[in-house]
Amino acid sequence: MSETATFRLHVNGTERVVEGAWVGESLLYVLRERLGLPGAKNACEQGECGSCSVLLDGTLVCACLVLGASAAEREVVTVEGLPNGDGDLTDVQQAFIDEGAVQCGFCTPGLIVTVHDLLERNPSPSDLELREAISGNLCRCTGYGRILAAAQAVVAERSGSGRSQRETSA
Amino acid sequence: MTVTTDRQERLREGLGHSAKRPDGIPKVRGSFAFSSDLQADGMVWGHILRSPHPHARIRSIDIGPALAVPGVHAVLTADDVPGDKTFGLEHADQPVFAHDVVMHIGEALAAVAADHPDTARRAARAIVVDYEELEPLVDAEAAITAEPIHPDGNVFAELVIRHGDPTAVGEVVVEGTYEVGMQDQAFMGPESGLAVPDGEGGVDLHMSTQWLHVDRDQVANCLGLSHDKVRMTLAGVGGAFGAREDVSMQVHLCLLALHTSRPVKMVFTREESFLGHVHRHPARMHYRHHSLRDGKLVKVEARIVLDGGAYASTSRPVLVNAACFAAGPYDVPNALIEGWAVRTNNPSCGAMRGFGAVQVCFAHEAQMDRLAAALGMDPVELRRRNAMKTGDRLITGQLIAGTAPVAALIDTCAAAPLPAEDPDPDPMALPGGAGRTADRGRVRRGVGFALGFKNLMYSAGFDDYSTARVRLENGVATVTCAAAEVGQGFVTLAQQIVREVLEVDEVVLAPAETASIGSAGSTSASRQTWMSGGAVERAALAVRARLDAGEQEPIEETYEHHHPPTSPLDADGQGDAHVSYIFAAHRAVVDVDLDLGLVRVVEIATSQDVGRVLNPVQVVGQIEGGIAQGVGLAVM
Numbered sequence: 001m002s003e004t005a006t007f008r009l010h011v012n013g014t015e016r017v018v019e020g021a022w023v024g025e026s027l028l029y030v031l032r033e034r035l036g037l038p039g040a041k042n043a044c045e046q047g048e049c050g051s052c053s054v055l056l057d058g059t060l061v062c063a064c065l066v067l068g069a070s071a072a073e074r075e076v077v078t079v080e081g082l083p084n085g086d087g088d089l090t091d092v093q094q095a096f097i098d099e100g101a102v103q104c105g106f107c108t109p110g111l112i113v114t115v116h117d118l119l120e121r122n123p124s125p126s127d128l129e130l131r132e133a134i135s136g137n138l139c140r141c142t143g144y145g146r147i148l149a150a151a152q153a154v155v156a157e158r159s160g161s162g163r164s165q166r167e168t169s170a
Numbered sequence: 001m002t003v004t005t006d007r008q009e010r011l012r013e014g015l016g017h018s019a020k021r022p023d024g025i026p027k028v029r030g031s032f033a034f035s036s037d038l039q040a041d042g043m044v045w046g047h048i049l050r051s052p053h054p055h056a057r058i059r060s061i062d063i064g065p066a067l068a069v070p071g072v073h074a075v076l077t078a079d080d081v082p083g084d085k086t087f088g089l090e091h092a093d094q095p096v097f098a099h100d101v102v103m104h105i106g107e108a109l110a111a112v113a114a115d116h117p118d119t120a121r122r123a124a125r126a127i128v129v130d131y132e133e134l135e136p137l138v139d140a141e142a143a144i145t146a147e148p149i150h151p152d153g154n155v156f157a158e159l160v161i162r163h164g165d166p167t168a169v170g171e172v173v174v175e176g177t178y179e180v181g182m183q184d185q186a187f188m189g190p191e192s193g194l195a196v197p198d199g200e201g202g203v204d205l206h207m208s209t210q211w212l213h214v215d216r217d218q219v220a221n222c223l224g225l226s227h228d229k230v231r232m233t234l235a236g237v238g239g240a241f242g243a244r245e246d247v248s249m250q251v252h253l254c255l256l257a258l259h260t261s262r263p264v265k266m267v268f269t270r271e272e273s274f275l276g277h278v279h280r281h282p283a284r285m286h287y288r289h290h291s292l293r294d295g296k297l298v299k300v301e302a303r304i305v306l307d308g309g310a311y312a313s314t315s316r317p318v319l320v321n322a323a324c325f326a327a328g329p330y331d332v333p334n335a336l337i338e339g340w341a342v343r344t345n346n347p348s349c350g351a352m353r354g355f356g357a358v359q360v361c362f363a364h365e366a367q368m369d370r371l372a373a374a375l376g377m378d379p380v381e382l383r384r385r386n387a388m389k390t391g392d393r394l395i396t397g398q399l400i401a402g403t404a405p406v407a408a409l410i411d412t413c414a415a416a417p418l419p420a421e422d423p424d425p426d427p428m429a430l431p432g433g434a435g436r437t438a439d440r441g442r443v444r445r446g447v448g449f450a451l452g453f454k455n456l457m458y459s460a461g462f463d464d465y466s467t468a469r470v471r472l473e474n475g476v477a478t479v480t481c482a483a484a485e486v487g488q489g490f491v492t493l494a495q496q497i498v499r500e501v502l503e504v505d506e507v508v509l510a511p512a513e514t515a516s517i518g519s520a521g522s523t524s525a526s527r528q529t530w531m532s533g534g535a536v537e538r539a540a541l542a543v544r545a546r547l548d549a550g551e552q553e554p555i556e557e558t559y560e561h562h563h564p565p566t567s568p569l570d571a572d573g574q575g576d577a578h579v580s581y582i583f584a585a586h587r588a589v590v591d592v593d594l595d596l597g598l599v600r601v602v603e604i605a606t607s608q609d610v611g612r613v614l615n616p617v618q619v620v621g622q623i624e625g626g627i628a629q630g631v632g633l634a635v636m
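Just so you know, the sequences run in chain order W and E.
Under the numbering used here, the first residue of the first sequence is numbered 1, with each subsequent residue one higher.
Under the numbering used here, the first residue of the second sequence is numbered 1, with each subsequent residue one higher.
What the hints contain is simulated information worked out from the structure, not anything from laboratory work.
All C-beta atoms, glycine included, are put in the ideal place defined by N, C-alpha and C.
Careful, some of the hints might be misleading.
Distance windows between CB atoms, simulated [to be verified]: (1) E:182 - W:86: 49 to 59 Å; (2) E:115 - W:72: 19 to 29 Å; (3) W:160 - E:115: 51 to 61 Å; (4) W:122 - E:401: 51 to 61 Å; (5) W:5 - E:158: 58 to 68 Å.
Once the Cα atoms are required to be at most 25 Å apart in a straight line, the calculated DMTMM-like pairs of lysine to aspartate or glutamate come out as [to be verified]: (6) E:20 - W:88; (7) E:20 - W:86; (8) E:20 - W:157; (9) E:296 - E:392; (10) E:20 - E:505.
So that you can see chain E by itself, here it is in the shape it has in the complex:
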């Protein structure tokens, strides 16, 4: 009886149950160590001087006045970078410190270490930079043909998708031009970290990030050190949403630590955080949809221009995603998609939740509404009629072999009961809230419907993998994996998976770091549950097999999990570039003041294909959080 109870108790913490986060208690107590909470003996504070200009030539930088500030330990510029002068995720074009030209507002020019954060800030302000301001290039479409603003040119990536018959024409044609503005991830915990020199030329960096190993490699290259001389440990991460994929302060922190031979802490202010990481690409999208009179889609044409800002970051894969998912989750027999991601003097853009699929979603769904209006058809019915299903092909020619329950998502979402209209709403529930001037008589309720889809995991030929180790000793399982927990709950899932496989109660998670294990890949592209969860599961299964064969503890297994290989797109944008997809249907109910344009989002109903649910509360948390960020993009 006791055994049964224990088993039931354990299963409550196993897969499919809303097991509690292992970091929940320290997080509610305020004792969880985020990267900005770290301290070390003898620590000094770092600060970065940033450009106030979007485009300027640097005539000179005089650090003398900063060095004269009492309490300053070091002032570093591009001359002090011993290794590579630039870094970048895909293409190393971002300078550690600008040295001849600044390419965007907020670009780093110098870094200061001082005994107090305010001393460091004051010293940075004392640095004298003589700029010759240059005309900034800020229009992304103009950038395609404009005079290059960088030796590598203005076009980060350009691609075409030709699918089916490019001459096909529909009976009904609708066109539109759509723009999406820049969006910031605005995670709550600003960039921060602590670099500690090891006294032997190496450095330990404790940092909030999304991908420890790729950070380490970029940092080591800029420091001119072998990769094993830089050891990165994940410090508590206050949200990410793509903004921690690129290196921000990592190199600067390590440089300061090595120069001062002291631990150096740096914490961005909120303003610096906005300046110091990439954003969602602004997009300008011209669309033309062709359909038959019965609503069946014949062809989608699109011309997509993404503003990548000053440096490359992940502009290329963002463009690949935008193009691949440009037509939406529909059966589209013919398509012509042309895309550019370009360099401008705007802030750099890269990864943000949705990664290119978000911008085109706004366009393809607005087009579907426009098409429904032209056809005199219910917009939900138009979507149902064209819904993608298993066995269809993407516009890249790739077969949708897995689940694609788009019609079911449409039906369940559309069937959700509509929220009741309150004839006498509280002023707080009016568009704009209390104290605004929304006139009840001019408030109308609108209902919108939209579909979206996106790839899971890295695509287009990237060798995407994760490494995990599981050790069983004295009935306790220890998981070692460098997957970055950024709030999504991988730590919960790792415990659930191991409990399930090994039937143990206690699962310890070793610190995520580079020294003890290989890469887990990035916490992005909705990939850690599948990739690192997969690696943890396989490692645990290997331990289980040895246990079942009668072997005695301790037993340890390490597994490197690769997803099935994908291919880059060919010259026509065709190829099996993706591993898997997620699909979503949303219905928005919005009150609008017709005169003032104030809006209140009353409700978002959603149906999503989430695969097997490993932790229901965490799935709901991801969906609700994602919707809130989408609402922010839509209405702010």
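Excised from the complex, chain W in its bound form:
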């Protein structure tokens, strides 16, 4: 490749060196193909579907629209690095499993990052706010019903109204 660059990324709290990358590579490509982090997915690679959603300095972005080199020295959080407290999974990840929000799973990591981001900013979103927040994430399997149910279950759980609602919803 004619134009290459070497740079450092801070990904999920770890410093990673990217060597000899073509400068045209997206952050998505760098994460997936160079850093072994396939969680951000390559569904449209044109900023339409949200499958590659990551946090860049705390802001939700499509990794396919960010040049990898332009993310140098910035903080990147992918689905692999979401804070899960002491558990194996975050509450959002667990709710996606429990509510049947996962089918093929290709949209799942992007949606999980998006729901985490929403609930950080707005712990008790209305139904319309929730729908708007995930409107940049396309899913072709579920029709979104179980995804909304999963997000609502997390909202209920975090607000203290508990897990029981989730268990009865199936």
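Position chain E against the provided structure of chain W, taking the given hints into account.
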């Protein structure tokens, strides 16, 4: 007490319960290995050059400039295909690479392998193709009689269904012409795969697909290899919906791997994905319904033309379905259905969720509404009056021997409470959403009702089967089955079935691949629960029988499950072509801005005959996902 608790716990994961997906945890973590996530040492990247023209003669292809690009390992064209030059599911008419003529936009001409995906793309762009553009044939009805655009002719399939008295006439007659446009499956995970040469002339292909064995056979034929030299393993599939039934990049990947002696990875962009797989057939349908004044249907006449695009794919069985289900789930004593599936220079069409039954559903249900209006009758009541039931016959003469609870579906769906109207809706809840210009005073709410039905499993004489093996060893059951998990949840059901039959806690699913077991058939036609689920159950029952007879583990059984044989339709379109059916009633509540035509689908209520529920959450997931795709077809 402990035993009882374990048993109860196990039953929670057994049939009828919403057992969790075994792939759920890796999928939410982002660690599940989809086909685009695969890598191998020494891997290079593939890319396909595609035609920008819908119809053109190829005067020459110069790959020299591509070979001169640094980092390029191979550039292949039709001359490099050692075996069959064409492939196809039903009829092998699709070239691996176009060589004299291109038949549609996006047709493959050459494939490149290079050290970086962008190098491969640039090299493909450097290939010089000299085209002589030809007039494209794009009108499906005109194609029936137009000059052939292909040596095999323009008509993929033509059929007639004559049922009852063709001269019967009703007291009330309504006519209409209906069109359905092309729809794309648009699964989220684009086509992708990794081909690894074995160093002995064979190749291992890791690919997202719907039917491993039939892919393998087509690939091996094009490579000129015996089928056992091509081994396919299912890589994680990001949705399918019919678009992965046909071979896409499989042959190209393997050719590149064998030529470069390196692992080759290819990932379609979204645009390539649209160009690289089949779509739902656009349809033009002319209908005439006859009824008595009391609404009882007398006859349905239809003329159905499906645009199959450039290559055959599954156009024939799609047309068979469209014709068989053309009259809807009603008791129709007389019918005359004429159908064509034709070749044009449009993109190829084939399988997509619903497979022919969707297009005619729009037409027959619009006709029922039109008939209700002509009769001055409630459209729901008209449907109830004609509802198909067990003991009735399809327009193909086939007896409906199984359940057909159409009247009950109508009644339960129609009885669902209507959503409340909000007198002051949030702008986001207006047709078109926030920022659009819907005028609240011009928004009206409409309620529509429709029925649909479709066959389960492959029809019309196809020997449809699935193979499964169950091995019990040290109290752990292992299931081997080549059924493609595409998101639908077969992996969950396989575990549930084996837990139930063998009363074990741990059920391991071996990788789905061609080398270790026979075909499971396609993950399509709503067939894997019945077919591969059936094969898994029978294999597990056979293990159970030996266990109960006192035999010691390990015990292994393999079962090949065939459904009851069906027949092709005869010259009058009559015959026992189908195995079973699913029925659905939908009620749509839609807000419409009368001036702008903006719509908001407020609610879809549905009642569906789903048979025995094996996993409630998965059933709901299928219904909700199917409705969303149908809404997309209707409003986008």
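Going down the list of hints, with the structure as the test:
1. E:182 - W:86: 49 to 59 Å: holds (51 Å)
2. E:115 - W:72: 19 to 29 Å: holds (23 Å)
3. W:160 - E:115: 51 to 61 Å: Between residue 160 of chain W and residue 115 of chain E, where Cβ atoms are some 55 Å apart, the hint holds.
4. W:122 - E:401: 51 to 61 Å: holds (55 Å)
5. W:5 - E:158: 58 to 68 Å: Check passed, 60 Å falls within 58 to 68 Å.
6. E:20 - W:88: Status holds; Cα separation ~16 Å.
7. E:20 - W:86: The given pair, whose Cα atoms are some 22 Å apart, holds under the 25 Å limit.
8. E:20 - W:157: holds (20 Å)
9. E:296 - E:392: holds (14 Å)
10. E:20 - E:505: holds (13 Å)
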